[in-house]
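Model the full structure from these sequences, guided by the hints.
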Amino acid sequence: MEIWVNPACSKCRSAVRTLDEAGAEYTVRRYLEQPPTEEELRDVLGRLGLEPWDLVRTQEPQARELGVRDWPRTEAERGRWIAALAAHPKLIQRPVITADDGTALVARTDEAVRDALARRP
1 MEIWVNPACS KCRSAVRTLD EAGAEYTVRR YLEQPPTEEE LRDVLGRLGL
51 EPWDLVRTQE PQARELGVRD WPRTEAERGR WIAALAAHPK LIQRPVITAD
101 DGTALVARTD EAVRDALARR P
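Position 83, counted from 1, in the sequence shown is what my numbering calls 83; the numbers after and before it change by one each time, with no gaps.
No lab work stands behind these hints, which were simulated from the structure alone. Don't take each hint at face value.
[Claimed, not checked] The calculated EDC-like cross-link candidates involving lysine to aspartate or glutamate, where the alpha carbons are at most 16 Å apart (straight line), are:
{"#": "1", "residue 1": "Lys90", "residue 2": "Glu33"}
{"#": "2", "residue 1": "Lys90", "residue 2": "Glu21"}
{"#": "3", "residue 1": "Lys90", "residue 2": "Glu65"}
{"#": "4", "residue 1": "Lys90", "residue 2": "Glu60"}
{"#": "5", "residue 1": "Lys11", "residue 2": "Asp110"}
{"#": "6", "residue 1": "Lys90", "residue 2": "Asp54"}
{"#": "7", "residue 1": "Lys11", "residue 2": "Glu111"}
Structure (structure tokens):
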């Protein structure tokens with residue numbers, strides 16, 4: 001299990017605390033320091049069952065600067081969205097947990113973190 005975190009994010013800290021309390025084995029990835037590649041993002045999006053625009057934090061200043069709210073949400077523009085997430089990792093919703101069963105989820109609640117823990121073999 002891997003969790004993508006921004007240590008300044010309270011939801012990330014809460015998710016890590018929940019994992020620790022459960023005694024889970026996991027790897028922390030500080031995704032602002034180690035941004036995911038476009039390939040990794042495609043993989044995680046597939047595991048999440050989401051499109052890249054579903055993973056974007058549209059309220060971030062970078063999102064406003066890029067004007068992502070006005071970008072088409074189409075298959076033809078998918079690569080543009082993924083490239084933006086790779087180039088501007090602050091735009092990625094957090095925390096993201098890649099579960100041991102091959103799925104992933106955005107773990108913004110304790111319930112979502114418990115769901116990830118239940119996916120362990």
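Against the structure, the hints come out as follows:
| no. | hint | verdict |
| --- | --- | --- |
| 1 | Lys90 to Glu33 | 10 Å, holds |
| 2 | Lys90 to Glu21 | 27 Å, violated |
| 3 | Lys90 to Glu65 | 13 Å, holds |
| 4 | Lys90 to Glu60 | 8 Å, holds |
| 5 | Lys11 to Asp110 | 9 Å, holds |
| 6 | Lys90 to Asp54 | 14 Å, holds |
| 7 | Lys11 to Glu111 | 12 Å, holds |
Hint 2 alone, counting from the list given before, is not met by this structure.
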